[in-house]
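Novice: So the sequences go chain by chain: A and B. Going letter by letter, the first sequence gives residues 0 to 419 in numbering that gives the first Met the number 0. Going letter by letter, the second sequence gives residues 0 to 306 in numbering that gives the first Met the number 0.
Read the hints as simulated data drawn from the structure, not as lab findings. Treat the hints with care, as some may be off.
Pair ranges (Cβ atoms, derived) [to be verified]: (1) B:Val204 - A:Pro151: 57 to 65 angstroms; (2) B:Ser85 - A:Leu259: 52 to 60 angstroms; (3) A:His280 - B:Ala196: 17 to 25 angstroms; (4) B:Val204 - A:Arg156: 38 to 46 angstroms.
The structure presented is a predicted model; accordingly, all values stated were derived computationally and were not measured. Beta carbons: idealized from backbone N, C-alpha and C, even for Gly.
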Amino acid sequence: MSSFVLRGVSVLGGAPTDLFIRDGVISSEAPDAEIIDAAGLVALPGLVDLHTHLREPGREDAETVETGSRAAALGGYTAVFAMANTSPVADTAGVVEQVWRLGREAGLVDVQPIGAVTVGLAGKQLAELGAMATSAAGVRIFSDDGFCVADPRLMRRALEYVKAFDGIIAQHAEEPRLTEGAQMHEGEVSTRLGLTGWPAVAEEAIIARDVLLAEHVGSRLHVCHVSTAGSVEVLRQAKARGVRVTAEVTPHHLLLTDELAASYDPVFKVNPPLRTASDVHALREALIEGVIDVVATDHAPHAVEDKECEWAYARPGMVGLETALPVVLSVLGERWELIADRMSRTPAKIAGLTGHGTDLAVGSPANLTLVDPSARRVVDPAELASRSRNTPYAGTTLPGRIVATFLRGVPTVLDGKAVK
Amino acid sequence: MIKHLRSAADLDAATATLILDTAGEMAALAGREVKKLPTLRGRTVVNLFYEDSTRTRISFEAAAKRLSADVINFSAKGSSVSKGESLKDTALTLQAMGADAVVIRHPASGAPHRLAQWVDGSVVNAGDGTHEHPTQALLDAYTMRSRLGKLDGLNVAIVGDVLHSRVARSNLLLLTTLGASVTLVGPPTLIPLDVAAALSPSAKVSYDLDSVLPDMDVVMMLRVQTERMQDSYFPSAREYSRRYGLDLARMRKMPEHAIVMHPGPMNRGMEITPEVADSSRSTIVEQVANGVSARMAVLYLLLGGKA
Numbered sequence: 000m001s002s003f004v005l006r007g008v009s010v011l012g013g014a015p016t017d018l019f020i021r022d023g024v025i026s027s028e029a030p031d032a033e034i035i036d037a038a039g040l041v042a043l044p045g046l047v048d049l050h051t052h053l054r055e056p057g058r059e060d061a062e063t064v065e066t067g068s069r070a071a072a073l074g075g076y077t078a079v080f081a082m083a084n085t086s087p088v089a090d091t092a093g094v095v096e097q098v099w100r101l102g103r104e105a106g107l108v109d110v111q112p113i114g115a116v117t118v119g120l121a122g123k124q125l126a127e128l129g130a131m132a133t134s135a136a137g138v139r140i141f142s143d144d145g146f147c148v149a150d151p152r153l154m155r156r157a158l159e160y161v162k163a164f165d166g167i168i169a170q171h172a173e174e175p176r177l178t179e180g181a182q183m184h185e186g187e188v189s190t191r192l193g194l195t196g197w198p199a200v201a202e203e204a205i206i207a208r209d210v211l212l213a214e215h216v217g218s219r220l221h222v223c224h225v226s227t228a229g230s231v232e233v234l235r236q237a238k239a240r241g242v243r244v245t246a247e248v249t250p251h252h253l254l255l256t257d258e259l260a261a262s263y264d265p266v267f268k269v270n271p272p273l274r275t276a277s278d279v280h281a282l283r284e285a286l287i288e289g290v291i292d293v294v295a296t297d298h299a300p301h302a303v304e305d306k307e308c309e310w311a312y313a314r315p316g317m318v319g320l321e322t323a324l325p326v327v328l329s330v331l332g333e334r335w336e337l338i339a340d341r342m343s344r345t346p347a348k349i350a351g352l353t354g355h356g357t358d359l360a361v362g363s364p365a366n367l368t369l370v371d372p373s374a375r376r377v378v379d380p381a382e383l384a385s386r387s388r389n390t391p392y393a394g395t396t397l398p399g400r401i402v403a404t405f406l407r408g409v410p411t412v413l414d415g416k417a418v419k
Numbered sequence: 000m001i002k003h004l005r006s007a008a009d010l011d012a013a014t015a016t017l018i019l020d021t022a023g024e025m026a027a028l029a030g031r032e033v034k035k036l037p038t039l040r041g042r043t044v045v046n047l048f049y050e051d052s053t054r055t056r057i058s059f060e061a062a063a064k065r066l067s068a069d070v071i072n073f074s075a076k077g078s079s080v081s082k083g084e085s086l087k088d089t090a091l092t093l094q095a096m097g098a099d100a101v102v103i104r105h106p107a108s109g110a111p112h113r114l115a116q117w118v119d120g121s122v123v124n125a126g127d128g129t130h131e132h133p134t135q136a137l138l139d140a141y142t143m144r145s146r147l148g149k150l151d152g153l154n155v156a157i158v159g160d161v162l163h164s165r166v167a168r169s170n171l172l173l174l175t176t177l178g179a180s181v182t183l184v185g186p187p188t189l190i191p192l193d194v195a196a197a198l199s200p201s202a203k204v205s206y207d208l209d210s211v212l213p214d215m216d217v218v219m220m221l222r223v224q225t226e227r228m229q230d231s232y233f234p235s236a237r238e239y240s241r242r243y244g245l246d247l248a249r250m251r252k253m254p255e256h257a258i259v260m261h262p263g264p265m266n267r268g269m270e271i272t273p274e275v276a277d278s279s280r281s282t283i284v285e286q287v288a289n290g291v292s293a294r295m296a297v298l299y300l301l302l303g304g305k306a
């Protein structure tokens, strides 16, 4: 295994130093190492995404485990959690093992499958959660993402059941009866555009219910893609009471607002929908404060024909792996400790993922990424490594360029390009 | 002149007034023996209809033909998400055929905006989902002006299912632009929460039809679909018409000069009684006639015709 010296690198914004990588770990020395000039570059622990859609099996025209892994590595990630809403659904040990194996074969990031909570995401009957937990994939996070586990009794059972193997339920918080036919955030803009509204309360009501359920049964709850100021308040109160709840926010909900729907271009259609500027403000504050624990991409690739159509007929979702860190940098600035915490350490901790999100200390696995914070990049959809092009940032200038990523000491990205 | 008419918000007061004035000239033509102008000879207008709407389609067809345009009717109706030809592919086809204007009726809000991104010609919104129907607003404004002599300062009530009504949205925008004062009336379930902030800061909202009628110059009744009942927007058709339907007793509360409008098709006995619909205050048939003149004016001006 080759060795590297990252010469003059700034670890989390600290003074320039040399970082040695040897035998897959951070080392105190590395004789005969390949020298990488890392002057001006910032080293972060490899990013960990708790919410990625890799689309394989089923929609390989939109993304595969391999293309999604490459996009992730280029975005500075060393581990991604693949959502279960594939076709077939990842609701059995067989499917999660398949996804896990495809991830290993691609070898660009650690692909950790998320298992479905209910069979076929249908919200009727628990999937074999234990079988997925004990499979080779070692599933710990379960989610029906794309759908809410709306039945309160089923949600209670799921929260309880996974305690046996330290699992966690990641809820897509959306009261389905309040969002029938919903197309965008319910508010002034939806009224103007004549698009059916997705009211904030549909998210907040489920989070409020679920934190009470989690409190009642003493289980862990993770809330996916929090999008409203009201949800932040519910989470703040729950955390103050000691409820074991964690939450994520997407980069797009930290930056974009519902006004973008005015073009009727479905590249801005996403679920939960883009909200208002005051929601964006509250989400940023909550992320800084820690009421929201992590940034997760909700990377959702879609084929061209699923976006190049009328708004109402388009699928919701945006790709995000390759732009997540630049977006977060533009929102938070160069607060490297905070970024490392919200995008690497805490997500790894929530998922119980050892070997990721660790400090770049001697002996730690060399999972890290190098960022050039002075670079600026105009997002060009054609340049994305993802198989899909549905980025809402086309033409936007974002700060930061991911120069290199290492997975257990092996470079997956060098000079801003994927190694394989 | 603007290129597309996708929303009533595309029209400023000057442009809207020009369209109404032009519609007046077009209406004068209807009284002549030969009802045709040569203005759009050699130009192609496509009526692209994804929804059944015979009245709107024939209104546009008559308008284009009276301007001597070649008219192609393209009925693309099918289930909304049926995997037929995509809107984009249809747009490219129309583009290749050299359509100078595409009149589109579509069940999805914003479809005209998407279409305008894919064709070079003018796009006229003939009703998109629950968004807008700007030519309806123009013909309504034209009708009000013809009957009442002005628009500025008029008090207009729009009554019914504002939430799902493209007619209400376009009327609210256009009437505000032209100086009228609009009051939206209906059960709270059918009035969008942020409607004034979204569309017209001067708009008023009332849940009590009886209290607003004495101050109105125009009462515009919207079609209420009985399906809304299943969705619990209101408890029953009977209760709806008792609270928000326009009958003779209510019509008598309106000032003497005030008119009753309805974009059609009506649910007689639901939002409006037959006695009111057929009364001399009702402009419902006039609205249909004015529709052709207003649409002639729109096509004429968008396509840059010269008299």
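Novice: If any of the earlier hints don't hold here, list their numbers in rising order.
Specialist: Violated hints: 1 and 2; rest satisfied.
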